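Residue numbers (the working numbering), protein chains in the order written: chain A, 1 to 234; chain B, 1001 to 1234.
Please note that the accuracy of each hint is not assured.
[Claimed, not checked] Cβ-Cβ distance ranges computed for the label pairs, FRET-style:
no.: 1; chain 1: B; residue 1: ARG1052; chain 2: A; residue 2: LYS4; range: 25 to 35 Å
no.: 2; chain 1: B; residue 1: LYS1225; chain 2: A; residue 2: HIS224; range: 48 to 58 Å
no.: 3; chain 1: A; residue 1: GLU63; chain 2: B; residue 2: SER1072; range: 35 to 45 Å
no.: 4; chain 1: A; residue 1: ASP78; chain 2: B; residue 2: GLU1084; range: 53 to 63 Å
no.: 5; chain 1: A; residue 1: ARG160; chain 2: B; residue 2: TYR1143; range: 17 to 27 Å
no.: 6; chain 1: B; residue 1: GLY1148; chain 2: A; residue 2: ARG160; range: 18 to 28 Å
no.: 7; chain 1: A; residue 1: PRO221; chain 2: B; residue 2: GLU1149; range: 36 to 46 Å
no.: 8; chain 1: B; residue 1: ASP1057; chain 2: A; residue 2: HIS67; range: 53 to 63 Å
no.: 9; chain 1: A; residue 1: GLU84; chain 2: B; residue 2: GLY1112; range: 48 to 58 Å
Read the hints as simulated data drawn from the structure, not as lab findings. Since this is a predicted model, take the numbers as computed values, not measurements. In this text, a Cβ means the ideal position worked out from N, Cα and C, and glycines have one as well.
Protein chains: 2
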Amino acid sequence: MAGKLYMIPTNIAECPADSSLALETQRVATGLKHFVVENIRTARRFLKSVSRDVDIDSLSFTELNEHTPEMSIASMLDVVEGGEDLGMMSEAGCPGVADPGALLAAEAHRRGIQVVPLVGPSSILMSLMASGLNGQNFTFRGYLPVGGELNKALRQMEERSQKEQQTQIFIEAPYRNNKMLETLVEVLKPTTRLTVARDVMGPEEMIVTHTVAEWRRKTKPDLHKRPTVFLFLA
Amino acid sequence: MAGKLYMIPTNIAECPADSSLALETQRVATGLKHFVVENIRTARRFLKSVSRDVDIDSLSFTELNEHTPEMSIASMLDVVEGGEDLGMMSEAGCPGVADPGALLAAEAHRRGIQVVPLVGPSSILMSLMASGLNGQNFTFRGYLPVGGELNKALRQMEERSQKEQQTQIFIEAPYRNNKMLETLVEVLKPTTRLTVARDVMGPEEMIVTHTVAEWRRKTKPDLHKRPTVFLFLA
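Construct all of the structure, not just a fragment, from the sequences and the given hints.
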């Protein structure tokens, strides 16, 4: 009988596992022998933080990230067809969302392997929960285009947001976060509500929603190189 | 000093709290005295399931759901300005997502009250994690239009999905789930990948992705009156 592919969320900030992971997630994560992970070093450190009793050296890790050739993904599931369970973990948060883990889940479905999602933190979803913006219609777009294309993209998103009452969610390369906030406050309409969610689940978590007109009057928070999710609703 | 508004996820299936909630979420939920909830009976039952020691009769509950007049929402936060913490819980899953809880969070931001999201299950996000569809660009649209408008809406969504490589996520009134699956298999293109996620976290959890061409050949799962999330990527 084939094993299962478990999609295992990991911490999104330097906080104890009990804050961010259901016990069942911790139990499954520390009971598996085989992993496909976005980054091996992070994955080992994560498993050690969940349980000191884990014998890391007895576990097998294979990396799947943006450098992985797509043709090498299929063989990662051989162990599952051999009857063993496999855990997928991304660098932080929920695998399969905003990372290449979806490619492994897609291949599992093609082979009829059961894929089981577990409960853990997602900075995207938690930002939305706390934003007060529309949670009945929302879109996550990953990274937006850079340079001259950014303003155009933002205006198109704002138009769609207004027309469909759809919350727009996105992220930026962390070293450009402050610049992104400046651009948003400059480009978006004064009445658009803009949420900045910084360090979700971290010690300096800050999730704040203001209209763009209000943001223009305020001292901006420092987002430089800190994990931040941006959301707006026109 | 003002209190905080905690956005508290609840179970999405009849499973033990440890499967679906971080310990920290359970700790906060059972430590609060004041709640705004989508349904009082469900909220009481949920708190009892997390801890038998909770003295339910000492807690205050106010309902916020689709029947609540918007003008009555503001006063729900008076207790927070008085210095006490408040917990928001929806009927199931994450408050502020696919429920009216966002209105309370929005009002909190207007008053400068801190909103804190906690970790728990979201059938939308967990379906996406396990689907193998694109998690770097996705949209949740809540309920789609019914009747003659549905086919048109699906074709527009499929077009956008293809153009933007955007996963489309939505739900249906549970008694129309089987009909929705029939319609999807009929209307969407054969190459579009369609995920059906039924009873996420429940004992009969089934998350399956096939192309529409494959779905046409298969015996359809029974989704009647069972919580189901639909996802597709063209």
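Here's how the hints hold up against the structure:
{"no.": "1", "hint": "ARG1052(B) with LYS4(A): 25 to 35 Å", "verdict": "33 Å, holds"}
{"no.": "2", "hint": "LYS1225(B) with HIS224(A): 48 to 58 Å", "verdict": "50 Å, holds"}
{"no.": "3", "hint": "GLU63(A) with SER1072(B): 35 to 45 Å", "verdict": "53 Å, violated"}
{"no.": "4", "hint": "ASP78(A) with GLU1084(B): 53 to 63 Å", "verdict": "56 Å, holds"}
{"no.": "5", "hint": "ARG160(A) with TYR1143(B): 17 to 27 Å", "verdict": "19 Å, holds"}
{"no.": "6", "hint": "GLY1148(B) with ARG160(A): 18 to 28 Å", "verdict": "24 Å, holds"}
{"no.": "7", "hint": "PRO221(A) with GLU1149(B): 36 to 46 Å", "verdict": "43 Å, holds"}
{"no.": "8", "hint": "ASP1057(B) with HIS67(A): 53 to 63 Å", "verdict": "58 Å, holds"}
{"no.": "9", "hint": "GLU84(A) with GLY1112(B): 48 to 58 Å", "verdict": "52 Å, holds"}
Violated hints amount to a single one, hint 3; each of the other numbered hints is respected by the structure.
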